[in-house]
Amino acid sequence: MSMQPSNHPAAHREVSAADALLSVDRLRVSFPGKGRRAPATEVLKGVDLAIRPGETLGLVGESGSGKSTIGRAVLGLAPVTSGTVTFAGRRIDRLSARRRRGLARDLQVVFQDPYTSLNPSRTVGDTLAEPLIAQGTAAGASRERIADLLGRVQLPADAASRLPREFSGGQRQRVAIARALALDPRLIICDEPVSALDLTTQRTVLDLLLEIQEATDVAYLFVSHDLSVVRFMSHRVAVIHHGEIVETGDAATVTGTPSHPYTRTLLLASPVADVAEQRRRRAAADRVAKKEQQT
Amino acid sequence: MSENLPATTAPEPGADTPQVRRTGTVRRVLRNPLGALSALILALLVLAVLLAPLLAPQAPGASTLSEAFAQPSAAHPLGMDSAGRDILSRILYGGRGTLGGAVLALAIALVLGVPSGLYAGYYGGRFDAAAGWIVNLVMALPAMVVLLASRAILGPRVWVLMVVLGVLVAPSFFRLVRGIVADIRGELYVDAAKVSGLGDTRIVARHVLIVVRGPVIIQVSLVAGIAIALQAGLEFLGIGSTSSATWGAMLNEGFQNIQRAPRLMLWPGLALGLTNAALVLLAGAIRDALDDRAGAARKRSRPRKVRGRPAGIEPATRTASLADATGRSPLLSVRDVVVAYAQADGTDKHVVHGVDLDVHPGEIVGLVGESGSGKSQTAFAVLGTLPEGGRIARGSITVDGREIVGLPEREHRTLRGRTLAYVPQEPMSNLDPAFTVGSQLAEPLRHHLGLSRAEAAARALELLRMVEIPNPEQVLRRYPHEISGGMAQRVLIAGAMSCEPDILIADEPTTALDVRVQAEVLDLLRRLRTERGLGVLLVTHNLGVVADLCDRVAVMNAGRIVETGDAADVLDAPQDPYTRTLLSAVLDDAPARPAWQPHPSTARTATA
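Chains as they are written, first to last, in the numbering used here: chain A, 7 to 301; chain B, 2 to 609.
None of these hints come from the bench; they were simulated from the model. What you are looking at is a predicted structure, and each value in this text was computed from that prediction instead of being measured. Backbone N, C-alpha and C fix where the C-beta goes; we use that ideal spot for every residue, glycine too. Heads up, some of the hints might be wrong.
As the list claims (entries may be wrong) - Covered stretches of chain B (chain A as the covering partner; in silico rule of three or more C-beta atoms under 8 Å from a C-beta of chain A):
| # | segment |
| --- | --- |
| 1 | 278 to 289 |
| 2 | 388 to 398 |
| 3 | 462 to 475 |
| 4 | 539 to 550 |
| 5 | 566 to 575 |
All chains should be built: construct the whole structure from the sequences, respecting the hints.
In structure tokens form, the structure reads like this:
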């Protein structure tokens, strides 16, 4: 790489098109209303994002902000109304089903709920075999790969023959991560991957994701409602509110000294586990709220 | 396994879960006596009918008029009918028409109903809409009338009637399959399979058919029974074909001669009855076997309901450890409480091991722990709402100085209404979608405080104002789905405050809410505490919420309180190793990730 984007003053705002692994431009997504004449609901109103290889972009927002929809649109699971999604220099927003299946090698997902993202009646081995089957991997090679994947996410080798219900939430999420890793993807959409987990489990899963990124240079689009988790995981952070990105920048800036008022209220509303610091935060939040009332 | 649960400081709890044994559905059906019996009967019937040429004494049509109504004999074990034909032969051969007809009807129904149902459910859209119209149309037709009409037009052949019947019952398969598939389509694991690159055919084969299979098999046995009964009914009325032997036609013949030889009715009736009963029982056995699989993990025993003071209880005053009653809070005091669940094998499993806890008036106490730590069980014990099978095996809980362990359920309910109030985690699922907010608030007021309708409505309005809901008059008239999650939680808090309780027990009251709404709800709880001197027991996993709201905190792990103290002290300088582990997992102080650098080994670049 000849350019040094990280030293460039505007690097966190604009990743150059040549650098980007994934680039989302003016993306709009609407869902049709229920019933014939009901108006469509626009969930994303022109979203721009870019992710470089090996980079984590954190995407923070509240419920209903459209943060999960961005990931689903990139994966082809939500209908794109207008705008473009470019992956490795190729438009992927309007792919045929066949081409979309070809993307599985490069683009993977870890969903929020490890309880419903694994088929309860299929063994862990069956679930992990799925991406390999799609690529036509032979049964023997596939078994070896599954054993390898289970080792990588620190699960015992005999896990392959067991059903999801025999595992805890954190272990299930490891299975989901192993499934995402099966084809050595270049980008994984992580849709609230730890929000259903306990605090200590959450930390071990996050560490695992970081470790995998170090080893494989995979990029993450890390969607979460939790600012502290996003701050820990992401090189850059984008804040989404009512279907629009209100602020993008490096993690320290956006989660420390945000410039957009919405990000500021979000930050002040997130409680910290320190009584004195939390008291300061609450007072600051009250001041902001009062100021808003006056204007 | 009652006492020593492994400490959950290890990275993953649940690793000790015993491996659950899996057995096939078929084996479970056969292990059920009724399932095995009905399967055996059906198998024998089908075998006998298939082997009719070998087993039957003579051809079904061969008649010896001189032997009409002959009694059973060695050559003709079931005797002869009115035309001197061998009954056994006619039963065996007749089964071919009857069962074969049912198989034909089923095959037609399955071929028409299942693939179209799969397609409509999986893809939806225009096909689904069009198929829906056709299905509704067919279902609106009266089956018997259509069958009679088609016989008049197409001629009295059993097979033709069975094809028509197949078409008529196909919609039931379509609807069944479509409904199930439409549900599965939204499952995350189907999305994950799509992202994995699996084609639709493979997804249907791996994820959809496996779920559809069971209900379809059950439906098949039920529809088979209906097809056989309908067909026999038609034959009995003399509407089927007269040329070949079927059980229905035999019934008809027997009925005509019922005065002379009632036993002619017996054999075809028995064959029909046995077949249908076996089909229905088999369907039931299959359903049970499939349910068993789904519910195996959460199957639990139903021990007797504990009423009054359980026999095995030891009052806490007798236990040595905390004999002195001094230092107990006058408001809520929990001493040495053990919560036990009766196991299937008669032993007790303890989930809370001797917890001590106090909440003083005007104090907010946080009860912190991870899932499975016993924090909710402790809260349920105080509320007297332990799930079935759970009981307080030991210890004492006093509310306003009064012992409530072993209190009869009726008195406990009064206590819950007046003194103890509860705010749950999921606000939406705790409001009844069928009633307005106003009526849900007013009802308990009238019940507990005996207010009139108008007084209750006025009080409900006042309560909504107290929890700072804007436009309370309008909100009273709204249904739960018309308000936001944060507002629903305020409504529940208003409901909890309606009878002016002394203690509020809040179980993860803000976990389902966004942070900004969470901050508002925490503010509300803080204000209620200050203004009314309310004592609050706040069950939470969120240490930030503890720092924000709680005066004191108790940290629970594996059913025990490992540390108690002022919230500031515990969070600043935790003494217990588990508390330290918990705090070190908090990411508040973790440094933000530094800016991105291109990977040193740039083997894979964006444009590769």
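The hints, checked one at a time:
By the rule of at least three residues with a Cβ nearer than 8 Å to a Cβ of chain A, the coverage given for the segment 278 to 289 of chain B is violated, with 0 such residues. Counting residues of the segment 388 to 398 of chain B whose beta-carbon sits less than 8 Å from any beta-carbon of chain A gives 0, not enough to reach three: the coverage restraint is violated. Here the segment 462 to 475 of chain B counts 0 residues with a CB under 8 Å from a CB of chain A, which misses the bar of 3, and the coverage is violated. Look at the segment 539 to 550 of chain B against chain A: 8 of its residues bring a Cβ nearer than 8 Å to a Cβ of that chain, three or more, so the hint holds.
Counting residues of the segment 566 to 575 of chain B whose beta carbon lies closer than 8 Å to any beta carbon of chain A gives 4, which reaches the threshold of three, so the coverage claim holds.
The earlier numbered hints that this structure contradicts are 1, 2 and 3.
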